[in-house]
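One letter stands for each residue in the lines below.
2 protein chains.
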Amino acid sequence: MQTKKLNQTTVDRIAEFLERRATESVLAELEDFHPEDIAELLERLDLPYAKLLLYALPEEKAAEVIVNLDEERRAELLQDYSVRELAQEVIENLDSDDAADIISELPQERIHEVLQNLEDPDQAREIADLLSYEEDTAGSIMAKELVKVNASWKLMRCLREMRRQAEKVEQVHAIYVVDDEDRLLGTLSLKKLLTTSTKTPVAEVYDRKVISVTTDVHVEEVARLMRKYDLVVIPVVDKDGKLVGRITFDDVMDVMQEEAERDYQMASGLTQDVESDDSIFALSRARLPWLLIGMLGGVISSRVVDYFDISQYPEMAAFMPLIAATGGNVGVQSAALVVQSLANDSFNESIIKKLLKDLGVGLVTATVCASLMFAVTAALGKPFNLSITVSLALISVIVFAAMFGTFVPLTLNKFKIDPAVATGPFVTTTNDVIGLFIYFSVAKLIM
Amino acid sequence: MQTKKLNQTTVDRIAEFLERRATESVLAELEDFHPEDIAELLERLDLPYAKLLLYALPEEKAAEVIVNLDEERRAELLQDYSVRELAQEVIENLDSDDAADIISELPQERIHEVLQNLEDPDQAREIADLLSYEEDTAGSIMAKELVKVNASWKLMRCLREMRRQAEKVEQVHAIYVVDDEDRLLGTLSLKKLLTTSTKTPVAEVYDRKVISVTTDVHVEEVARLMRKYDLVVIPVVDKDGKLVGRITFDDVMDVMQEEAERDYQMASGLTQDVESDDSIFALSRARLPWLLIGMLGGVISSRVVDYFDISQYPEMAAFMPLIAATGGNVGVQSAALVVQSLANDSFNESIIKKLLKDLGVGLVTATVCASLMFAVTAALGKPFNLSITVSLALISVIVFAAMFGTFVPLTLNKFKIDPAVATGPFVTTTNDVIGLFIYFSVAKLIM
Numbered sequence: 001m002q003t004k005k006l007n008q009t010t011v012d013r014i015a016e017f018l019e020r021r022a023t024e025s026v027l028a029e030l031e032d033f034h035p036e037d038i039a040e041l042l043e044r045l046d047l048p049y050a051k052l053l054l055y056a057l058p059e060e061k062a063a064e065v066i067v068n069l070d071e072e073r074r075a076e077l078l079q080d081y082s083v084r085e086l087a088q089e090v091i092e093n094l095d096s097d098d099a100a101d102i103i104s105e106l107p108q109e110r111i112h113e114v115l116q117n118l119e120d121p122d123q124a125r126e127i128a129d130l131l132s133y134e135e136d137t138a139g140s141i142m143a144k145e146l147v148k149v150n151a152s153w154k155l156m157r158c159l160r161e162m163r164r165q166a167e168k169v170e171q172v173h174a175i176y177v178v179d180d181e182d183r184l185l186g187t188l189s190l191k192k193l194l195t196t197s198t199k200t201p202v203a204e205v206y207d208r209k210v211i212s213v214t215t216d217v218h219v220e221e222v223a224r225l226m227r228k229y230d231l232v233v234i235p236v237v238d239k240d241g242k243l244v245g246r247i248t249f250d251d252v253m254d255v256m257q258e259e260a261e262r263d264y265q266m267a268s269g270l271t272q273d274v275e276s277d278d279s280i281f282a283l284s285r286a287r288l289p290w291l292l293i294g295m296l297g298g299v300i301s302s303r304v305v306d307y308f309d310i311s312q313y314p315e316m317a318a319f320m321p322l323i324a325a326t327g328g329n330v331g332v333q334s335a336a337l338v339v340q341s342l343a344n345d346s347f348n349e350s351i352i353k354k355l356l357k358d359l360g361v362g363l364v365t366a367t368v369c370a371s372l373m374f375a376v377t378a379a380l381g382k383p384f385n386l387s388i389t390v391s392l393a394l395i396s397v398i399v400f401a402a403m404f405g406t407f408v409p410l411t412l413n414k415f416k417i418d419p420a421v422a423t424g425p426f427v428t429t430t431n432d433v434i435g436l437f438i439y440f441s442v443a444k445l446i447m
Numbered sequence: 001m002q003t004k005k006l007n008q009t010t011v012d013r014i015a016e017f018l019e020r021r022a023t024e025s026v027l028a029e030l031e032d033f034h035p036e037d038i039a040e041l042l043e044r045l046d047l048p049y050a051k052l053l054l055y056a057l058p059e060e061k062a063a064e065v066i067v068n069l070d071e072e073r074r075a076e077l078l079q080d081y082s083v084r085e086l087a088q089e090v091i092e093n094l095d096s097d098d099a100a101d102i103i104s105e106l107p108q109e110r111i112h113e114v115l116q117n118l119e120d121p122d123q124a125r126e127i128a129d130l131l132s133y134e135e136d137t138a139g140s141i142m143a144k145e146l147v148k149v150n151a152s153w154k155l156m157r158c159l160r161e162m163r164r165q166a167e168k169v170e171q172v173h174a175i176y177v178v179d180d181e182d183r184l185l186g187t188l189s190l191k192k193l194l195t196t197s198t199k200t201p202v203a204e205v206y207d208r209k210v211i212s213v214t215t216d217v218h219v220e221e222v223a224r225l226m227r228k229y230d231l232v233v234i235p236v237v238d239k240d241g242k243l244v245g246r247i248t249f250d251d252v253m254d255v256m257q258e259e260a261e262r263d264y265q266m267a268s269g270l271t272q273d274v275e276s277d278d279s280i281f282a283l284s285r286a287r288l289p290w291l292l293i294g295m296l297g298g299v300i301s302s303r304v305v306d307y308f309d310i311s312q313y314p315e316m317a318a319f320m321p322l323i324a325a326t327g328g329n330v331g332v333q334s335a336a337l338v339v340q341s342l343a344n345d346s347f348n349e350s351i352i353k354k355l356l357k358d359l360g361v362g363l364v365t366a367t368v369c370a371s372l373m374f375a376v377t378a379a380l381g382k383p384f385n386l387s388i389t390v391s392l393a394l395i396s397v398i399v400f401a402a403m404f405g406t407f408v409p410l411t412l413n414k415f416k417i418d419p420a421v422a423t424g425p426f427v428t429t430t431n432d433v434i435g436l437f438i439y440f441s442v443a444k445l446i447m
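Here the protein sequences come in this chain order: A and B. Under UniProt numbering, the first residue of the first sequence is numbered 1, with each subsequent residue one higher. Under UniProt numbering, the first residue of the second sequence is numbered 1, with each subsequent residue one higher.
Any given hint could turn out to be false.
Same chains, same names: a pair is fine if it fits in one copy or spans any two.
Claimed, not checked - Think about it this way: if two alpha-carbon atoms lie no more than 30 Å apart in a straight line, the pair counts; the simulated DSSO-like pairs of lysine-lysine are:
| # | residue 1 | residue 2 |
| --- | --- | --- |
| 1 | 191 | 416 |
| 2 | 51 | 228 |
| 3 | 414 | 357 |
| 4 | 228 | 61 |
| 5 | 154 | 199 |
| 6 | 51 | 239 |
| 7 | 228 | 353 |
| 8 | 382 | 357 |
| 9 | 209 | 51 |
| 10 | 357 | 154 |
| 11 | 209 | 61 |
| 12 | 357 | 51 |
| 13 | 414 | 353 |
| 14 | 353 | 416 |
| 15 | 154 | 209 |
| 16 | 382 | 228 |
| 17 | 61 | 191 |
| 18 | 353 | 51 |
| 19 | 61 | 444 |
| 20 | 444 | 414 |
| 21 | 228 | 191 |
| 22 | 192 | 242 |
| 23 | 414 | 228 |
Hints in this document: simulated from the structure, not taken from any laboratory.
Please work from the sequences and hints to get the whole structure.
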């Protein structure tokens with residue numbers, strides 16, 4: 001009943017079967033595996049074994065597995081396929097959206113050849129159409145396969161037509177109602193179809209309230225709409241309102257996941273989409289840019305320290321890390337809140353209002369932190385002047401960092417730059433430098 | 001065709017209608033609004049207006065709107081409802097999972113009373129059952145409404161029974177096949193149902209491969225499975241394999257979103273689930289814990305600096321921020337990678353292997369950063385000893401921070417503590433302190 005799960009023992013056993021070319025045993029072993037798990041297996045196996053296994057799989061299953069592979073492994077495995085094999089063994093077994101995804105990853109010169117080698121000209125046209133939409137738009141991730149009925153039909157005819165159309169569609173999530181020009185009018189619920197007399201015309205029972213997107217809507221907006229309205233599928237229309245495709249929840253879950261990961265990585269100072277099983281080189285390359293920016297901030301900080309001539313007040317050095325760290329932490333907190341509210345909310349307060357609020361939060365937290373530090377420095381027996389300097393600097397740094405952390409992502413967003421860039425090392429680094437500057441400026445006044 | 005969207009103008013206009021008690025105009029205005037948008041409207045309106053509006057809505061629509069409200073506003077609005085109104089106007093119009101959610105938020109003494117006031121004893125029993133599962137388990141988020149058919153039936157009977165069952169189910173995502181004991185055997189696809197003769201027995205056409213979860217599986221694992229296998233709905237079984245409920249993709253999208261937000265907030269140093277429109281007090285409370293931990297780190301750093309007596313080498317102070325910041329950045333990068341791989345991957349490498357890899361990444365990045373800093377410090381005309389100290393310290397700090405950032409979340413995970421705790425200020429703060437310690441220790445050896 002339950003599909004089987006992959007573990008290291010299974011991977012090793014299958015590698016051993018493949019070593020002995022015991023293809024039958026492999027196929028028997030994989031009988032109850034989900035294509036997604038077979039894909040994971042192919043990623044875990046050494047490339048030559050993975051190739052052997054993929055060739056051994058039945059054609060349809062192989063195609064499904066290929067869809068589920070990560071891009072790198074897919075490229076490695078598809079390299080040996082002829083254009084004809086690619087077209088007729090892989091692409092022809094796939095839904096239009098998966099087919100378009102895989103084709104779009106091929107080298108430019110192969111794309112055209114693969115499309116020419118498809119036996120069904122309709123499929124070739126559909127895929128070519130999907131490839132024509134700009135990246136990250138609804139058009140680029142939609143699928144062409146859908147079930148639609150004409151508003152003028154009776155339910156009996158719907159059932160008949162649906163039977164015909166269902167052959168081509170993997171899972172029927174919605175039945176769309178269109179007019180004679182193929183313009184989307186609404187949806188027909190399965191419930192209505194099951195519970196109404198088959199002689200009733202569609203026009204009498206379909207639901208006119210349907211949320212759709214046009215082909216040029218950004219995928220993140222599609223994801224936001226589907227999540228907000230709990231949609232399992234959303235129809236895509238062209239600028240004339242004609243139904244051209246549909247996007248299902250699974251594609252949107254992937255978009256959400258990628259978005260969350262990208263924000264998270266950005267906040268953690270990783271500049272490329274990497275995973276812990278990538279190569280040491282790839283991981284280092286993803287880490288260095290932010291580290292170097294952080295170091296640039298460190299060098300500027302060193303100029304600030306030199307400029308104020310720390311050797312005159314060496315006792316100030318002890319609290320430099322505290323000031324810098326607090327500024328950094330506050331800034332990241334503010335920036336993260338903004339990034340999150342921009343991602344969730346279509347309904348935004350004004351920048352001024354947000355800044356005023358952050359001023360309030362900054363003042364509250366600053367007062368708590370500064371009073372505490374005043375007590376601590378006094379307890380540590382630091383000179384009164386230093387205690388005052390540290391406390392006053394803390395207040396200024398926290399308030400400044402809170403507002404800076406709010407201001408930067410809001411501004412980036414205004415200029416259509418991903419506000420998540422503001423989180424992580426960027427705000428931290430800037431706040432480090434400015435924090436130290438404030439610290440020494442306060443010291444100059446007081447000491 | 002498209003449902004209408006909410007904006008400030010609409011909110012103001014509706015507030016004005018409500019002011020004049022022009023209920024008819026409000027209802028006309030809201031005719032084409034999705035319940036989700038009406039909920040958002042209720043959150044934006046002042047409480048007295050929100051109450052007026054909610055009372056004006058037709059009962060079923062009001063119930064749907066209540067489900068979509070945020071918890072705080074829902075509590076405010078439901079306060080005026082009698083137990084009887086709650087049961088018969090709200091709960092009876094809802095699916096079991098939504099009903100259980102709303103009831104679970106009520107004060108303990110009202111829960112029992114509401115259940116007693118439900119007219120349908122089956123519904124009361126179902127809700128009470130759902131309330132009995134532990135929080136964050138599959139049982140606690142599943143719904144009881146589903147369409148199931150017996151394996152021994154013919155398709156004709158399935159259609160008839162489904163017609164009956166569909167009355168109670170909002171959207172039919174899957175048809176489950178069970179045996180006489182109600183044990184889950186598989187699923188019947190709509191496609192099969194549409195395209196096979198109605199005289200065929202279910203047993204001949206249903207799909208035996210079905211991924212299910214037991215009631216005690218954690219919701220994050222449910223989300224992982226549904227995302228991995230692209231499931232729109234997953235059946236939930238009890239320990240005997242009996243079908244007891246189902247979880248749909250929309251509940252899982254919410255879980256994913258919450259999970260992503262929690263990790264993101266943790267990485268950004270926010271200790272509570274807050275949003276930018278929460279109160280200044282709530283926002284300050286969510287920020288202070290990490291700030292105070294960061295400050296504790298700062299105080300310890302100050303002890304390190306005092307211990308090594310910075311006044312002997314005041315020129316070292318200039319590079320303290322650089323050393324601390326780099327250590328912090330590297331540590332967060334490592335920790336974030338671990339958190340992400342733990343969240344995505346069920347298939348983990350050993351801790352030793354991960355640490356060795358991070359040692360590699362640490363050495364590569366450290367070499368690049370240290371060489372650069374050596375050149376920069378030389379160019380700034382710093383003494384040779386200081387250049388060497390900064391570079392050597394950087395190497396040690398980066399390598400240490402990389403491994404520490406990997407080790408901590410892996411260890412937390414081993415002890416079943418959320419590894420995301422390790423990201424953000426915690427690792428940064430520790431690395432700040434240890435980084436300074438390394439810096440001064442290297443200096444002692446060299447200068």
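Here is how each hint holds up against the structure:
1. 191 to 416: neither (43 Å within a copy, 44 Å between copies)
2. 51 to 228: Between copies, since 23 Å is at most 30 Å while 42 Å is not.
3. 414 to 357: within (19 Å within a copy, 40 Å between copies)
4. 228 to 61: Close across copies (17 Å), not inside one copy (34 Å); limit 30 Å.
5. 154 to 199: both (6 Å within a copy, 24 Å between copies)
6. 51 to 239: Answer is neither: 44 Å inside a copy and 40 Å across each miss the 30 Å cutoff.
7. 228 to 353: For residue 228 and residue 353, only the intra-copy Cα distance (25 Å) is at most 30 Å; the inter-copy one is 41 Å.
8. 382 to 357: neither (34 Å within a copy, 44 Å between copies)
9. 209 to 51: Result: close only across copies, 26 Å inter versus 49 Å intra.
10. 357 to 154: neither (58 Å within a copy, 65 Å between copies)
11. 209 to 61: between (38 Å within a copy, 14 Å between copies)
12. 357 to 51: between (59 Å within a copy, 27 Å between copies)
13. 414 to 353: within (15 Å within a copy, 44 Å between copies)
14. 353 to 416: within (20 Å within a copy, 41 Å between copies)
15. 154 to 209: For residue 154 and residue 209, only the intra-copy Cα distance (20 Å) is at most 30 Å; the inter-copy one is 35 Å.
16. 382 to 228: For residue 382 and residue 228, the Cα distance exceeds 30 Å both inside one copy (55 Å) and across copies (58 Å).
17. 61 to 191: between (32 Å within a copy, 19 Å between copies)
18. 353 to 51: between (59 Å within a copy, 26 Å between copies)
19. 61 to 444: neither (73 Å within a copy, 65 Å between copies)
20. 444 to 414: Answer is neither; intra-copy 37 Å and inter-copy 50 Å both fail.
21. 228 to 191: Both: 23 Å inside a chain and 28 Å across chains, each within 30 Å.
22. 192 to 242: both (24 Å within a copy, 29 Å between copies)
23. 414 to 228: within (23 Å within a copy, 35 Å between copies)
Of the numbered hints stated above, those contradicted by the structure are hints 1, 6, 8, 10, 16, 19 and 20, listed in ascending order.
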